[in-house]
Every structure is written in structure tokens, then in C-alpha cells.
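Number of protein chains: 4
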Amino acid sequence: MLDKLHEECGVVGVYDHPEAANLVYLGLYALQHRGQESAGIAASNHAEMRLEVGMGLVADVFDPARLLKLLGPLAIGHNRYSTAGKNELINAQPCMINYAAGSLALAHNGNLVNAQTIREELAGKGAIFQSTNDSEVIVHLMAQAKAETFVDRAAEALRQVSGAYSLVLMTKTELLAARDPYGFRPLCLGKLDGAYIVASETCVMDLIEAEFIREVEPGEIILINDQGVQSFFPFKKVATKNCVFEYIYFARPDSFLFGEYVYTARKDMGRAMAQEIPADADLVVPVPDSGVVSAMGFAEESGIPFEMGLIRNHYVGRTFIEPQSQIRDFGVKLKLNAIKKIIAGQRIAVIDDSIVRGTTCRKIVKMLRDAGAKEVHLRIASPPIRHSCFYGVDTPNEEKLIAHTHNLEETRRYLSADSLHYLSLEKMMEVLKNGEKKFCSACFDGNYPVPITDKKPDTSQIEMFGEPS
Amino acid sequence: MLDKLHEECGVVGVYDHPEAANLVYLGLYALQHRGQESAGIAASNHAEMRLEVGMGLVADVFDPARLLKLLGPLAIGHNRYSTAGKNELINAQPCMINYAAGSLALAHNGNLVNAQTIREELAGKGAIFQSTNDSEVIVHLMAQAKAETFVDRAAEALRQVSGAYSLVLMTKTELLAARDPYGFRPLCLGKLDGAYIVASETCVMDLIEAEFIREVEPGEIILINDQGVQSFFPFKKVATKNCVFEYIYFARPDSFLFGEYVYTARKDMGRAMAQEIPADADLVVPVPDSGVVSAMGFAEESGIPFEMGLIRNHYVGRTFIEPQSQIRDFGVKLKLNAIKKIIAGQRIAVIDDSIVRGTTCRKIVKMLRDAGAKEVHLRIASPPIRHSCFYGVDTPNEEKLIAHTHNLEETRRYLSADSLHYLSLEKMMEVLKNGEKKFCSACFDGNYPVPITDKKPDTSQIEMFGEPS
Amino acid sequence: MLDKLHEECGVVGVYDHPEAANLVYLGLYALQHRGQESAGIAASNHAEMRLEVGMGLVADVFDPARLLKLLGPLAIGHNRYSTAGKNELINAQPCMINYAAGSLALAHNGNLVNAQTIREELAGKGAIFQSTNDSEVIVHLMAQAKAETFVDRAAEALRQVSGAYSLVLMTKTELLAARDPYGFRPLCLGKLDGAYIVASETCVMDLIEAEFIREVEPGEIILINDQGVQSFFPFKKVATKNCVFEYIYFARPDSFLFGEYVYTARKDMGRAMAQEIPADADLVVPVPDSGVVSAMGFAEESGIPFEMGLIRNHYVGRTFIEPQSQIRDFGVKLKLNAIKKIIAGQRIAVIDDSIVRGTTCRKIVKMLRDAGAKEVHLRIASPPIRHSCFYGVDTPNEEKLIAHTHNLEETRRYLSADSLHYLSLEKMMEVLKNGEKKFCSACFDGNYPVPITDKKPDTSQIEMFGEPS
Amino acid sequence: MLDKLHEECGVVGVYDHPEAANLVYLGLYALQHRGQESAGIAASNHAEMRLEVGMGLVADVFDPARLLKLLGPLAIGHNRYSTAGKNELINAQPCMINYAAGSLALAHNGNLVNAQTIREELAGKGAIFQSTNDSEVIVHLMAQAKAETFVDRAAEALRQVSGAYSLVLMTKTELLAARDPYGFRPLCLGKLDGAYIVASETCVMDLIEAEFIREVEPGEIILINDQGVQSFFPFKKVATKNCVFEYIYFARPDSFLFGEYVYTARKDMGRAMAQEIPADADLVVPVPDSGVVSAMGFAEESGIPFEMGLIRNHYVGRTFIEPQSQIRDFGVKLKLNAIKKIIAGQRIAVIDDSIVRGTTCRKIVKMLRDAGAKEVHLRIASPPIRHSCFYGVDTPNEEKLIAHTHNLEETRRYLSADSLHYLSLEKMMEVLKNGEKKFCSACFDGNYPVPITDKKPDTSQIEMFGEPS
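Chains as they are written, first to last, in the numbering used here: chain E, 886 to 1354; chain A, 886 to 1354; chain X, 886 to 1354; chain S, 886 to 1354.
Where hints are given, some of them may not hold.
Each pair may be met inside one copy or between any two copies, as identical chains are not told apart.
As the list claims (entries may be wrong) - Restricting the straight-line Cα-Cα distance to at most 25 angstroms, the calculated cross-link-like pairs of lysine-lysine (DSS-like) are:
hint : residue 1 : residue 2
1    : K1251     : K1226
2    : K1076     : K1057
3    : K1010     : K1031
4    : K1323     : K1312
5    : K1285     : K1010
6    : K1251     : K1225
7    : K1323     : K1226
8    : K1057     : K954
9    : K1312     : K1076
10   : K1322     : K1312
11   : K1122     : K1323
12   : K1248     : K1076
13   : K1122     : K1322
14   : K1010     : K1259
15   : K1251     : K1285
No lab work stands behind these hints, which were simulated from the structure alone.
Sequences and hints are given; from them, build the entire structure.
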């Protein structure tokens, strides 16, 4: 059984830079929002490949002494999102293996939907697995591939897997970047002083001052070695299915992906909300930080004043443990506080990016009422999430999704809001300019572009959102 | 010589709650923005007092096991701001001592200006000092006081010191809160289920769901023991001198202090800027997070569109160490990134709360220009800082203050801005409603309300601001 | 290439005890002398298998919280000896894998001589390796085995490997112990309140108060499951080749193995030395701790007084780092000190268990001379080590063995001893009662009972002995 | 109240060596047996004094990076013995303070008997105490001294305290060593390449290859500064009272102190036992390590064969925590194991250095009987301990001393021994050559040479011995 079907991660690769591991470290730091569970870097000096991984934030896992162990001009890195339980370090990436053709390291963002099936087939032939993550089947398929070159082996392996992957692979001397034919997850290419950089988001390029060249195409494999950069399209062409949640929640607002800046897409969705689902309110207040940009769009379009009436404590750290207390559950109060003076007596339009379970949202409504809000109108900058994602987003089981089990009015009552409206799928796709041709909407409408081969897992995991994270 | 004259800190005290240390822990967590160098809690179960201190964030210093050592219904805590060097743990607070009248623990926010002089006198009589911080003289003066009661000893000691202090003191059975006659630093009183809470800011009350009663008055000593709450005014009455920087930068926007919400004061200053120092710009862009609220005020008042064109990476942690790199200095890029699409081709009014050295501000201007800004107009939501603070803010030496060494035009040229304007002292005080009667303006105009008795220290310290912290 | 051909380790297994992991922990603690590099425990509650490994001593790797994660009545554990370099945690054991038949954990003491060859064959068929240690080939062979039962798969796998192994294997519900046909390394079976215990040495049984049942036989596989204990002999019968170095140095003196107590064997060798290589000396002084028992035998037999003239500092810890010093190399002085009053003016017979490189021995001779010894006569309780071991002892390359590169007189001169004699191989085997029929003597005479299939590795490792460890 | 009246510690001081802190570190390492609770070093480069202390073994507290912070040619260090509870780090030494004359650091071995009284007097005058250890009064007395020079201030302070002290004191430029008039604790002086070394035991000189010059005399103060070494005798002359327990248990056998090697004294006591309290036994077996040398003396003198029938596990570490177990209490088995083959059927004379509570000794007798001993005859190499020590040894309250509450026959019965005999006080003093003129015997006969001024403390502490430590 695969414990960790669902995860959202960040990947970075650097080819031919004297400080490759340092650049990967900085890149992972810029991608920290994509995963905080573990961080790892593999580096090669052409003669030897070395791996360092650890649990926690990039800055906690790596110090200068540890980075100094990662010598060589070639490196890849990975941030992993934190899910519950199970032998975590074993699942940290990059995963590094030795096989007949030498050493190989892999960093994978996305989720395969036939990994369990392939795994069973491989195991039937005597293959051994170290981790419980789906990425390991890719290296097994490469080890068993009949093809001879690195690219061909990778293509042969990737043709056998279904689902979402944006990945970087390295041997001791070559770097390879690949994106699944649907292009669920982002991946981009950049250049820095003759070195090549691959990363999940363009904010990496900005930080290290690399030049952004272009996005890796859906279905493209890019090989970077001493021959330069080569591009391959070894897969059958299919319709693009970018993950719209990258815009809604995951990606940094300063990143450019799927042909647009996240900030722009997010703000446009806010404006669209003001058109489609206006609110009769005195103030627009975002749930920080994920609701801020769309709230700004909503406020601008509606003309309702914008106020940061909910203040976020940015010192919330991984290590904070709420003390065993008889008093009360502090919950969302540890992260957010409402400013009474702003809220009291007002009709508040609260803007959040999405609702998953609804538990946190309910607490926020209560917090606003406790601060004296006269009315609380929830406006959600995405459609209701009614279905689990199997392409790399860690949604809970459907029965835990409030929009799956409750209709709009039931949800509103559960949340104790005076009104509740979601941006419609149609409007969202319109805002994204014929978005229906380009984006996956499975979590909203259940139209899964890639069939789920594996038995649907029991995703009794801590879900990713539903908490203001 | 006193190494650490200047620091900004947070204090919390709890009287008569079964989970006093847990509440102090939560309170320190809410006050984390006031100091990240060290955290400490002293607790008493009436029979014994115990102290736990450590370097780092509250959540890193304390785990449940360590909190369990801090038993009893009485506790105080302290967060300290990070300055450079020197035996740091020795200077962490609360400081706990044993003297003839028993055990005593002290947590102090503020800075004394005659500590060095008193220290030399006490040492001449054989007193021994453990730390290099100014707070230690207070406990020495209490140990040598002739008076008999706790309050009288505290008053006798505090009458001998000059400068800024908002402090909490505890014996094994009593809690005392005191604020200097000028009231430089904030301090407030609250109540929770029969227990009393004292804290630097009201955000503590919000988090632990205590009822905010009132601010401790300048010059007031509050004693809390089994007789209830008693108030004393043992000092000569003087004009109030609240620190306006609490509004400008330090305090959390959701805190209420000096009679107003920080958020409101900050936004009003933004509006005032739009009136006094408007900008001919296409966009208002704040330097996050400290410039956001005043930028919103500026945008509203001026009608210029507001955009979050600079995105902050909130995963910047204490432990991040920039790798030894031949490449470049990443500096401010690790914290901020400009969104090209928003900035490019625009005339940007950049709003920041203040300028200290100017080095960071200069990098931000450069970042905006690199992102394609057509013009960069700096609008600063406070007057030029021309003088060091000796009352608890860790400003650098005057010669390192850009506004001390450069006039407005020189500063603008140094920062490479197209225009630069500061909110005037007069306008700021007007916004604060006769603020000149209530606020200290020493850092702007050099009018020090309390004479500096000690030799002016060589404050070759890492300054607090000047970096977007 | 296999980096870590050579290692000496300790293994423990427990079947059907409610505190299996706790017992394994105590057992590893009793076997700490067999390996200090890493420690690990795998446990199963029949439904799930969990692994915890770490670098360092058992007591440093495990605390009660970590042990609590290791639930279930079935557990195995492993201590590994510290060698230099290379991704150490990856090589720590037990190794736990998932394959078609489920989960499997392995702890291995010994060294395989055809692991590299098998590894290359497996890799050729697409197998992936995580570690660089030889034990991993065993689990690969089990994963690819055609047989169906656990024992048959294990036998099929073990029939393909050559060399030394005493190992414990577990599935989620069964425990298996196996010893190679030559029986190089020890392994014993015990019983505690209905539970079964397998361990490298009997000192484990003594500590946990288990009843020692018998040694596992060379070539025997023992399966323990809900059917009880079953014994299998699936290998071709060969002459036993116990490692005599277990008596000379490795095993604890209070352990019983290869049919005798280590203490007794060691003392008998000391007596034999007094007969074969007497010394004209005033005092017998052991190199503590490994030379103490044989020195007692030597003293008793020769009638020469016995004195602990060299005192050992038992606080030498793993973490001690000699400070970067311009002064001198402290070397052996950190561990041993000579008592001048005892040594001065005396003719000393120094008894040590063996000589490997000779560097430490030379420093001890110098230390005794500095303390005033009139004469220093070295008597070594084993024959000259002239050949590398490939069956689990981490000897250096032959060219680093002093007895390989120097004859007796040259060695004596190098060590600056007045005389030097080794116990002869013949005498040693005589003391061990027809030992030549039962013991491996390859390191003394080069007669390797199992041919070395793999290319002889470049064992540029830190050797195990040659330092008083 | 003083919590920690009793402790045994090690001190080191180095004057004028470029690597002073490194040498102190090595010295503390050689003295690790004298205290394992905490370790600390203060160093001065003449301009600044810096202190580093931590809980645990020297090698765990200090790594090269931390030693590098301790610059300068002058340093002192301290190891402290582990007692239970109470804010330990606060009590770690050296203690470093600032007073009128500058900085001062102190490391103290011994115990003062009027510290509480002085402390109360000082507190009455307003003095503040940081720690609960008695050493702090010495620095207070120095701070309040009227004299002007360092030596005179030290003498003035030390004349006011009673009890045991061997101490090193340093200013930024001078080193001072002092020993109380009775000379309870050892202290010696050495020289290394022009630098001077002061240490508790001579084993420090051996390790760092310093030349041992002489012991510091009882009542002597030695000042070392740029004028060289000066000696002062500022105290009234009294009869010497060396602590005989340094020979019996504390000091390393390779150290020379009180005019003799510990090894020699210990062995002579063993011989004397064979004369005074022989045993009708087949074997002499020591309780390792503290009973080994006297057992050798006993065996030699009696002619009874000597065997190491009890084997000690030297990997017992500070961090080992016995797992929460329903099974049994492992207790002494974690440290010792009996070899059945040696013990079974024999009449064993067991030699231990002393008996305190008797609980451990009782377990050892049981362990020997479980191993098959026919008879167990206890022979103790010191007289019965009937009284608490107040001069630096952490004995428990009298009522916990088995020899205080039980007569010889009752003790024997409690221990389940076939016979029990202690070396008599008279015989011990005879062995020590008119020892009664030179040694304190208070713990045996209650003749306290220095009256205990303080209220006798409630020493409900974990006692030091009584466990084979």
C-alpha cells in the first residue's frame, strides 16, 4: 500500500556551476512554500555522487558544513510537503540509487496514479523497495529499461507511468528534466553564467539572479550535458491539464507559470468574484496570506474598502507545540487575530482562496463575530472542492470535503456565515482565458483526465489545506 | 562598559492561574515580534521558584517537557531582541536572584540611562554582577533597599534609576508590574477567569482570551497578591513620553496601546503622507510587512492603485545561513522579490515605515529598477531618524544614521530614488492628536526627555532596523 | 565497489515478547563492544514493521520515546563497527525492505566474499541498491528467490553467497536466525518466559536473564514462529572455521562461545605464553583492557608478580576531539598512563592481545621507557597477523600489517622493545584443544577456507585494532 | 538553604600558555572521574575574560568550535560531580563575576561548612546570589574585601570561610591557587615549556606532559603572574587532615597525592586486609574497577588465586535510560556480569573499596550466588562509614549509611554474605604510616576536625557511591 500518494513538492536542478549545491540550497529556500517536511540535495563532482537529506526546513537541514560535503558542479534538490506519520526520512527525496548503469538521483513533484500497480509487478519479479513513495517506481523502471542512453531509459520508464510528474534526474555527469504530457505541475528552465537551472517556479531564478528562459513543455524531456541542452518529446501528445490550484493556493504570487504570473491570475479571480458574487458589505477583509491578492481584486472591482482586519502571526513555527492545557483549544488564534476596532459593527466580506474541510473557516467566522462583526459574508476565490486530487495535491477523502457532503446552504450554516459564495468554475475558467482547454478541474467537477489505475487509497492523512497554512 | 544598552523586548506576567507558565509561554509567543534572541520563563508554586531560559524563539526554547518543570500559579516571561555577541545566555531574562528577602525574578523591557553609573557605585561597595545588562542593577537596588514591603523596596529601587522600563517582578507569592514615569514602553493589564495577566501588548490578551482591563499608567506600580490588585504612584509626576516607534514599527498592528490601535495609527500616518507628501505615481507598493498598513492609507487617500509588488518570503528563519559563495551577496533578495509584471514600466510610490542606515532601502530601489520600474518614489511613514535612542530601541550610532550624515537630497541620491519624502514630525504629531504632548521624539529631533547620565556607549551593534526584519 | 567489506557487528532478535524492542535494546547494549558506529532496531506488531536507526552508541540513538515507536512482540537489532567515511546512515542496519512477499528486515554480522560479483549480476538485471554494504545482496537474492516459504527463500538466497554470516531476519510474523556453514561468527539461542532470544553472544542472555539454550550450529537455519522453533540444515556440510579472534579480542570475556568461555580461553593462552615464550622480567603488566586476562594467566604460570602498571581512562568517549594543537600529539596518552612508581627501574613483561600495525604498541613501549622501565619485553597472546581477514574483521591491507612487512627482529626494533615474542599458532591451537580442526587461521597463515571471489578491495580504511580501543 | 553542600570536583588552571584553554580541556578530561555533571572553562586574553559551561562530560560540552572561543594564555576549568536536581547549569563552575576590581573566575573543589551562615550575613547587607552552591560566597567575600592586592583580597576572603577547598582563581592577568589549612583535597603544581599548570591530580601533568613540581601545601596560596610564582601562607597553622577517601575511591590510581601514589596506597590496604581480615576462600574476586588494586594486594598477600570473575561493561554511558519495563529491574546487571564458569562451586572472597548504603553490594552478592558461588566472603578495603562527610564528599545522611544503622552482623545478614569484614581504622592508618597524624577520619569515627557552623543540611541527595560508579 502506498502511504503517501499525495504530496506537493518543490524541485531544483543545477548543471555546471562551481557552487551547484549552494544554488540548489537557495532554490529550495525560495521553494520552501511547496514543502516543509523534508529537504534534500544530491550532488556530483562527476566522480562521485553524494546525498544529504533531513527532516524539516531547508535552513534547518543544511548548514555550511553540510553543504560543503556536496561538492561538484551538478546537483538536484527537493522539498517535501509534510504529511502525517510513517518512517518519514525513508521517504525524503532526492532518492539516490545504484544500478547497473551507475548512480542516479531523482527529485519528483507530482503523483503517479499507477505506481501501486507497477510496484506490484516489479515486486513480483523480485524488485525491492525502500520507501513507500510512488517516485521509487520510476528509478526501478529505469534500472530495468532496455534502452541504452540516459534519455531513452528515462523515456522508456516514464512511458510506463501515468499521472503527474515534474522531475529532475541526474547521473554523475548529466542532468535531465521531465514533465508529464498533461503538464499538471510547473517546471521551468533558466540560465546563470553558462550554467543551467531547472526549478518548479520562476521565483528560484529571481533569487539566484538566473535568466528565465522558458517553461519546460508538457511531455518534454530536457537533457543537459556537455553537449548543451537537448529537447525531446517522446510521449504521445495529449491536451494540457495544468493544475489550477497552483494559481489558487500553492505557487508564490511572484512566480510566472502556465503562461501567467500567479499574482495576476489571483487578482483577476478576485475581480471576477466582485462581478459574479458581489457582497453587500462595508469592508473587504482577506484571510492572510493566501486570500490577500484576490481580496485586493475584489475590493478594487467592488469599490468596497479593503482592510487587513485579520492579522497573521508570522512567527508560527514548525516547532511550536500547544501546551497540554485544560483551558481551551487555541487553534486558529495562534495564527490569526481580528482587530476589533476595524471589525466591530461592520458587515465584512471575508475573502479566502478555498474551503476544504471547513473547520478553520468556521473558526475564522467565529473570531470575526467575537470581534463584533455585524455580518460575515464569505467569498471564496475558487469553486467548491468536491473531489480528491490524485495528481499531487494532498486533498483528504471526499467524505471529509465539506462541499462533497454539504450543499451550499448547509455549508453556510455549518460555517455560521451570513452568506457564502464560491467563484464558479465557468467564471474562473473564463478569467483564465479559455482555461477549460488548459486546466485540470477534477477536484471541482470530478472529470479526471488520467484514469486512476491504482486502487483508490485510503487517504486518512492530515490534509494540506483547511488550515490557514 | 555596558554592551547591551539597547534592546526591545516583550514581557508577560500571570498571577494565580493553574497553568501560569503555559499562559506566559503563549503570551511570549504572541510577543515574539518584540524579541527573538532569547526566551525565558520563571515560575513559582509559592514554595519554590524555577527558571528556564534559552537562546532562540519561544517555540524552540520550550517544549512541553520543559514547561512541565515550571510549576505553580505564578509566572513571568521575557523575549529578548537579538543583538550581536558576548555571552548571550548570561544576559537572557528573566533574571532570577536570591537575596535576604528571598527569591526574586525580573523581566524588563526598556533601557536605563544611568545603569552604568549605579553599577559602578554598587560595585564599589562589593556588589557582584553576573550579566552585562542594565536590568541587573534594579535587583541589586532592591536587595540593598531599606524599605520592608515588596512594593516599597521596588519603589525605592526604581526611584534611583532613570530611563525606560516596563517591567514585571515576582517573588514566590506576589506579582508586581511597573512602568516608568514617562511611560516610554507599553504595558497592559488583563484578567482571565480570576487570574491576572500583565503583558507588553494587548495581542497577548486576545490570544489567551483574557479580558483587557486597562493599560498600566506611566509611573504606576501594580501589586497583585492574595489581597487582589493594588495600585501605587510612588514617583514624581512628569509629562508622558510614549515611544512613537511602537506605532511606526515595533508593536503588532492588532495591539491597542497608548490609547489607540496600532493599525489605526499606522493607517492614519499613511493617509497623512498622501496629503503632505503625495507622489506622482502609477502604483503604491509597500515594503512588506511593516509598510503595508501605511501604504494602504496612502493609496486610499491618494486614489493611486495599491499593489503588493514586492513579495516577502516568510520562511526566512533564524537558522538560515547564506552559503559561502563566490557568486554574489543575496542580501535582501532572500526576503523580498519584485513582481516584474506589476512593476515594469510603472512609476512606483514605495512606502516604508522608516529608514535607518539606508542600505536595505537602497537595495529595494535597485530591485524595483531591475524589475523595470520607470520611476521609484520613496515615501517614508515617519520623520528622518537623526539621533540614537537611549530608551530601549537599538538604533546604531548617529554617524551610521543616513539622515544624520546626509541631507534629504544626498539621501535620495544615495538611495537612487527619483524622489524621497518623509512624513514630517509636525504632521505625524498632528495625526496622533496633539502627539507632541504625549510622545517622545528624541530620535527625530534630539530632545531627550531624560538626560543620559551614563557615558554614551559605543553602540557598535547590529542595528535593529535598516533591514526588513 | 564495496566500500565496507569489513566489519564486526552485533545482532539480536526477540520473538514473542511484549517488550521485544526493549529487550533488543538491552541486548545491543550488552553487545556495544562489537560495534559503535550505528545502532538500529526493527520491530513488528504483526500488522506493521517499523525501523529506527541512528549513528552512535545504542544509548545515544535510542531514548524511551524512540523505543515506544517500536511496538510489537517481534524485533531485531544491530550494532555496527565504526569505519571511515561514506554516507554512513545509509549503511546502518537492520536494513528493511518491501518486496513481493511483504516486509523483511535483516541484521548481519560477518562479511561476504562474493557480494560484489552477485551485486553486478543483480544490477545487470535491473536491481537497485541503496547502500554500499554487502548485506543488501542477501535481501535481493531473497526477493528474487523462486522458493515459497520464508526458510526456503532464505536458504536459496544464502546458498548463493559465500563468506561469513551470523544473521537474524524477520518478517512481520516470523524470526529466522542463520549461521554460515563455517560458523565464522558466533550466534546463540536463549529463552525468556516463553519468548525466544537470538544474539551474537551469551552476555545478552545474562543481562536480560534469559536462559541460554545452545549455540546456533554452523550451517543451521532456525525458524521461530507460532509453530515454535524449527531447525534446518540446508547447506552442504563443511569443516567448522570459527574466528579465533573472537577469543583473542572481540568477544566479551564473560561470554561463552565456540564451546568455551572467552575468559577461560584467554587465560589459557596467557598460561601457554609463559610456557612457550617466557620473559626474564620483574613484573607482568597488561595493556588494559584486552591484555588483562592473558596477563593474569602469564603471571600465574610464570610466578612473576602482576601489576596494573598501565592505567586506562575509561571516560574516553566517541565525542572526544583532540583540540587543534601546536604542542604535540597526545595519542595513546589520552587512553593510557603508566605509573612511574611501579614501572621505574623494573624489567617489564608487557602483555597485549595482538599487534596489527604496531604504531600504538610502539607508543606504549615509549611510555613505559619514559616511566623508567629498565627493560620492556613484549609478549603477544596471539601469532603474528600477516594477512587480511575477509570474513568480517576489519584488518587493514597486508602492507600495513607490521608482521607482513617486517620479520620478528625488524618488528622488535621498530617497536623499540628489548624482546618481542608471539604465541605460536601451534601452541595457540593446542591450547584450544585441537583448535586447528575448528578455527580459521587465515589471518596468521593465509589459508583462506572460503575463496575470495570478489576483487580484493582496497581496504584503505581505519583499521579496527592497532589502537587500544 | 544550600542544596548542594556536598560535591567532589576536579579543577585545572594554566598560566601563560598559547593554548591555555586546550590544556585545561585536556586536564579536565584526565580528571573526568572527579565529576561528570558539568564542565566549564574560563579563559582570558588579558583584555577580556570569557566563560563556557555546559552540562555533561567535558568531551560532550566542548568541541573545537567552542574551544576556539576561549582565547588567551590564561584559563581555568572545573568538572562537577553529578547530584540530583535543581537548576543545574546555574551551579556549574567556573563561576565568573564582575566586581569593582574587574572580572574574576573561580573553580572550587571541596565544601565549606560555614557558607550558609556567611551567605545570610552577606544577604542581610544586600548581596545577591545567583547559584545555590557554597563557592559563590568566596567571590562575594573577595568583592567586599578591604585589601588591595589580589592575594590579600583572596586571603581576607578565605580567612572567613571554614571547611575544605582546593581552588583556582583567575583575574584577566593572574592565576591564583589555594588549598585550605587542613589540606582536605589534593592540589598540585606543574610546569610545561615555561607555562604553569595547577590541577587536582598529577594525572593531568602526565597527560599534557608537564613536569610535576610539587603539591600545593595545606594553607598555601600560590600566585602566578608576570613576576613568576610566589607562595604565601596567610592562615594559622593547623594539623593536616587529608581526605583518606581520595586513596580509597576518588583519585585515579596513577595519581600521586598526599605524598604517595594512590595505586601503592590502595594495594597496601589490600595486603593489610589479607593480614587483618583473611578469608577462607578459593578465589579472590574484585568488584571492578574500584576494588581491583586492593584485591590484587589481598590475593598476593594471602596466596589465594585472583580472578576477574565480575566483568564490567565499560559502555555504560550517561545517556543510557533503562526502558520502562514490566519485566524486572536490571540495576547492577547493566554494569556487571559474573562469569559462571569461574564462580560456580567456589568460595569467593569479594573485595570492594567501601560500603555506603549496601544496596548495590547486596545485589552483587546475589549475582554471585546466582552464578553458583558456594560461599561469598566480603572484604572491604576501608572501615565502616558511620558518619556523613561535610568536607566535599557527597555521603548521604547518616541514617542511610548501613554501618550507621546496622552493626557488623546485621549488615552481613542484610547483604546475605557468608562473612563480612572491614579493614580496621587502626590498620588502615598504620598502612598509611602514622596516617592518624595526617588524615581525616571523620566519616569513620565522627571526629570532625572543622566544626560544622551551618545547620546540618538535609542531604537527601543521590549519594555518590553505594553504586558501582
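> Any hints this thing doesn't respect? Which numbers, in order?
Replying inline: 5, 9 and 14
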